[in-house]
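Engineer: The lines below spell out each chain.
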Amino acid sequence: MFPGPTSHVETVDFVFLYIVGISVILLLGITAVMIYFVFKFNRKKGHKPKDIHGSILLETIWIAIPTVLVLSMFYFGYIGYEELRDIPDDAMQVEVIARMWEWDFRYENGKVTKELYVPLSKPIKLVMESVDVNHSFYIPAFRIKEDVIAGKKNVLGFTPSRIGEYDVACAEYCGLQHSMMYTKVIVMPEREFEEWYANTEETAVEPENK
Amino acid sequence: MANGTIAANGKTFYEEGTTKAKTGLTAWIFSTDHKRIGLMYLSAISIFFSAAVIIALLMRLELIAPGKTIMEPQTYNSLFTLHGVIMIFLFIIPGIPAVFGNFFLPLQIGAKDVSFPRLNLLSFWIYIIGAFLVLLSLALPGGPIDTGWTFYIPYSVRSGTNISLAIFAAFVLGFSSILTGLNFITTVHRLRAPGMSWFKMPLFVWATYATAWIQIIATPVIGITILLVIIERFFGVGIFDPALGGDPILYQHLFWIYSHPAVYIMILPAMGVVSEIIPTFARRTIFGYRAIAMSSLAIAFVGYLVWAHHMFTSGISDAARIIFSLLTFIVALPSGVKVFNWVATMYKGSIDPKPPFLWVMSFIVLFSIGGLTGLVLGSLATDIHLHDTYFVVAHFHYVMFGGTGTIFFAALYYWFPKMFGRLYNTKLANIGVALFFIAFNLLYFPKFILGYMGMPRRYYDYLSEFTSLQLISTIGSWVMAIALIIVIGNIVHGIFRGPKSTSNPWGGVTLEWHTSSPPPLENFHEIPTVTHEPYDFSQLEEMKNE
Chain X
313 MFPGPTSHVE TVDFVFLYIV GISVILLLGI TAVMIYFVFK FNRKKGHKPK
363 DIHGSILLET IWIAIPTVLV LSMFYFGYIG YEELRDIPDD AMQVEVIARM
413 WEWDFRYENG KVTKELYVPL SKPIKLVMES VDVNHSFYIP AFRIKEDVIA
463 GKKNVLGFTP SRIGEYDVAC AEYCGLQHSM MYTKVIVMPE REFEEWYANT
513 EETAVEPENK
Chain E
88 MANGTIAANG KTFYEEGTTK AKTGLTAWIF STDHKRIGLM YLSAISIFFS
138 AAVIIALLMR LELIAPGKTI MEPQTYNSLF TLHGVIMIFL FIIPGIPAVF
188 GNFFLPLQIG AKDVSFPRLN LLSFWIYIIG AFLVLLSLAL PGGPIDTGWT
238 FYIPYSVRSG TNISLAIFAA FVLGFSSILT GLNFITTVHR LRAPGMSWFK
288 MPLFVWATYA TAWIQIIATP VIGITILLVI IERFFGVGIF DPALGGDPIL
338 YQHLFWIYSH PAVYIMILPA MGVVSEIIPT FARRTIFGYR AIAMSSLAIA
388 FVGYLVWAHH MFTSGISDAA RIIFSLLTFI VALPSGVKVF NWVATMYKGS
438 IDPKPPFLWV MSFIVLFSIG GLTGLVLGSL ATDIHLHDTY FVVAHFHYVM
488 FGGTGTIFFA ALYYWFPKMF GRLYNTKLAN IGVALFFIAF NLLYFPKFIL
538 GYMGMPRRYY DYLSEFTSLQ LISTIGSWVM AIALIIVIGN IVHGIFRGPK
588 STSNPWGGVT LEWHTSSPPP LENFHEIPTV THEPYDFSQL EEMKNE
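Protein sequence lines correspond, in order, to chains X and E. Per the working numbering: the first sequence ends with 522, consecutive numbering throughout. Per the working numbering: the second sequence ends with 633, consecutive numbering throughout.
Rather than coming from a laboratory, the hints here were simulated on the basis of the structure. Hints are not guaranteed to be accurate.
What the hints assert, rightly or not - Computed beta-carbon distance windows for the label pairs:
#1 X:Gln489 with E:Arg377: 50 to 60 Å
#2 X:Leu340 with E:Gly230: 39 to 49 Å
#3 X:Phe326 with E:His276: 47 to 57 Å
#4 X:Gln405 with E:Ile216: 52 to 62 Å
#5 X:Lys360 with E:Lys587: 29 to 39 Å
#6 X:Ile368 with E:Glu628: 23 to 33 Å
#7 X:His365 with E:Thr99: 33 to 43 Å
All C-beta atoms in this analysis are idealised placements derived from N, C-alpha and C, irrespective of residue type, glycine included.
Bound-form chain E, shown alone:
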């Protein structure tokens, strides 16, 4: 391990920055250090996530009983649109890659930073500008958007609200996503530590790498689509609006050609985190490393070919519906492989079910429910009935919130000591996971039943036969609020008041655990040379001397 000594002064990246200013706001917002950028994303994303949760709580309160409870229909329509836009574009798409990808991708491959640190800072700023435009669209005359996050035409051409600005914000946010993807791909290709061959990379790196390809290939499609909508709105050129001779179905195709792969942008990095946490707490190697790595690429590829399953009732041809149904079932297989391999990794391990591991167990159940109900929606006969009902709402909340959301917390609880050099309260963390799991099912499971009973989504009001299940769901939202306060409160308290942590409290062996916690500015006191497989726990003994 003699690749030149760097940053041997023992300072952490909190104490030493890349900017002239040593402390204060400018030392952060102009920092090109990938770790500081990751933490800035974390702060911004936490604010947006909390806002969208509060919006959701208000919506659930409105839906506690039929008829008006606390708001008018126009307000409700704006709220569900905002909830979707914020959660999708500002929380879950950037989510894990922007926060944990930024912080841990260079660490896990033994690099000092990403390939283009200044571009990385630019991505962050573009993200902030995009988020600011979303907020601006709320404040300007015309009013908050009310189209749903899908912006389906013709409604979005006719709505008098600030659609152009809001979708332009999505356009801007897209650039942030593309540049981050580009940066990560280059980093993985160029900056791996000596000895780290492709199949010695940690699986989180594989997942982030596969995600980055989707980001740079799929995102331009939504960018072009958004420009076309803006041209249509301002110049009256008939592209999508049938009143101008356009085709509204074409819009749906273009929208989902991006937005379905985007679903994999949301879930793949989460799967990568799961593949990190299970080996660490089972203290054995991952089962089927190559299958898991390759299934990420398979999902990224086949994920491009299933978009029209969002359109089974739109009037596309029968042949198209049948082909897309078949492909949708195929894309379920690599996800299944991952779940089986994760459970198999627990076999003959030495399992210490610490909070990050409990989050992963919760994830496996919730994500499996989400994935399996996806099969019901992939099947044509049943999708015709369930499309655009609460069944779909329940399904994607199980996948997105139960899947990615849960793993966002798992990642935070796993890498917390590395990021902050402190620990949170373990007992409270366990209570948080358990309460989250109960609240989650209380909140979303009734929606499966409501959907099968025929409750359509995006409804301000509903028939009286749906009342009791809606009530249970609303009560679930309150329990969820308590769970989130515990889960997030524990983290916030830990950051400022938590006890100091050792540099490797869980006994992890991937490269980020080979440096101090928090890491120094350029990550490693000495660039490591990789001789072991990523999850080879026999190195724990030698690591004690590092």
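If we strip away everything but chain X, and leave its shape as in the complex, we get:
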């Protein structure tokens, strides 16, 4: 697995490849058998068809094996999800406010920004709320999203493990400029972040409606 910008990325990619791997085998198997039968038992060959009403053994097998397979898929998906929801108590909390069609980020020291700045390797806890319609906070590079809804505080956590800038998209349809509701999450080295965080003058932006 390739190391991603958060450790969770590897988890999600593993679950994805696990399910897709099994699926590809099943799909190719079904398709190959079907095509083989169409040639092998073609009417042109003049076989006399044989009525086979079923087979308890076969039918049990192809209920039992898929049951085991899907339960394993469920299990890996569940474990990966638990990892996502396991947000440490000492995580740095940032409030996310969504409105048509922009994001505000409020830090514990009162700083407010239009882009999300976070330090490397520190667990982050986003507490998110919308002031109008439904939105969804989505960082594709981190493989995470959670809807942002009015009157409800939804939570999303992650721990960045690579410095860089990553796109944040809105994934829940919210009207005219839904597709332009992009911002960025900027992962900084811890010291750089501390400096930036301490400077409350420079990048602070007042939200317009509040």
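Could you slot chain E onto chain X? The hints should help.
Structural biologist: This is chain E only, laid out in the frame that chain X set:
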């Protein structure tokens, strides 16, 4: 077979109707004959399907490159909403039951008509009124709806477009669906021919029967939800809108409590058609008849219990997410059973891969891709990433268009000689299936990759990194347009100019093949007595004398 002779004058249902008027429009629009009603649905549905396809082509053209290509964002938002509303409520939900269920359910059980023929005509008219209301919502001031077919609140409370009228149309259409369901259930219980026990029913009847139960049990939920939204919009009562103290998540629950079972309303009848076509062209009995019949009921039942997998990122509790993920995986199993049984039915058959069979082969591949990618979405870790992205768009187009849409064509190509007494061009039909399959994958497969790369759905504009895959998808839409012209053109040409068909060109043995093509007004010259299992091809010899 002596249950009284009826309609022995040799006239087809085209030549003899139920109305006073013998010919002309009124002989059709006031006809209570289930076959004429089925054909009227077919005409109406074809128009709506074509309209929604044209809308889709326009959307794909807009998405050929980032930024504005041919339309403004508001137009785009209205178009994807209309595409969804038309395809879901006017094409795919009524689709196979209204057209082929109406035409073939009574034929397959050896009945003269459905239990309530006048109610059946009423269903059709309610459908037309609902469709008219949808069209009206486009024309009135306020403008075409722009909320997406899901009408999520609060956006749908705030949008200034004609939401109330459009959702009222969905409310009206719901009644059509409920009444059709009621009619089919009664028909299956009361009007089976002598000797047709439950386990001698063709599997299309089983599938339509299971679907009908979902129609009458689930549809009222969307009806109530729609009324609540209308009350909220007109009287400002806080039910769903948080600005009025309501709960937007409650709306999503209610919406999906209907709309997820509705997914099975869309796919189950298609599965039934597959179970008809494979035995006929393999000329042997279906493998695992009872498993297929029971899996329809299992899907109909478990399908009620998985709705919240549409809401894994909505902020519902972790426990709810985990339970619904588990149930979602469980509902995949009966569908798997069906696919395995269908392929097994080809074993030791005598397979003649005529166009309907080729459609079914195409279906098995496309539907399997759709079903298997559903597992990726049922799994929590991956769904959190892929929810509301192009991956979901690709998944449900593989299931709905690759599944139900493909089988709509399969059914049309299978029952065409029975419905119209003519044949289409076989060579052109084969080309149509092949081109459809290629176009389909070109059009939708790139969306899986786009989704995993993080392209959200319902986007008018997109980041430049998505351009090349979007372009491939748009090119696919053009190939799809050509394929559809061939597929539909062949049918239309066949209806008017096709060579006359014999009454049983494929060698089918279910009851609809025991009567002439097209059938007489009350279906059978003599009500048949059922002595064979539904897919017992040993009766082909005796059928030659019928």
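Engineer: Next step is simple, just say for each hint if it's right about the structure.
Structural biologist: Here is what the structure says about each hint:
no., hint, verdict
1, X:Gln489 with E:Arg377: 50 to 60 Å, "holds (54 Å)"
2, X:Leu340 with E:Gly230: 39 to 49 Å, "holds (48 Å)"
3, X:Phe326 with E:His276: 47 to 57 Å, "holds (50 Å)"
4, X:Gln405 with E:Ile216: 52 to 62 Å, "holds (54 Å)"
5, X:Lys360 with E:Lys587: 29 to 39 Å, "holds (31 Å)"
6, X:Ile368 with E:Glu628: 23 to 33 Å, "holds (31 Å)"
7, X:His365 with E:Thr99: 33 to 43 Å, "holds (36 Å)"
Consistency with the previously given hints is maintained throughout, with no hint failing.
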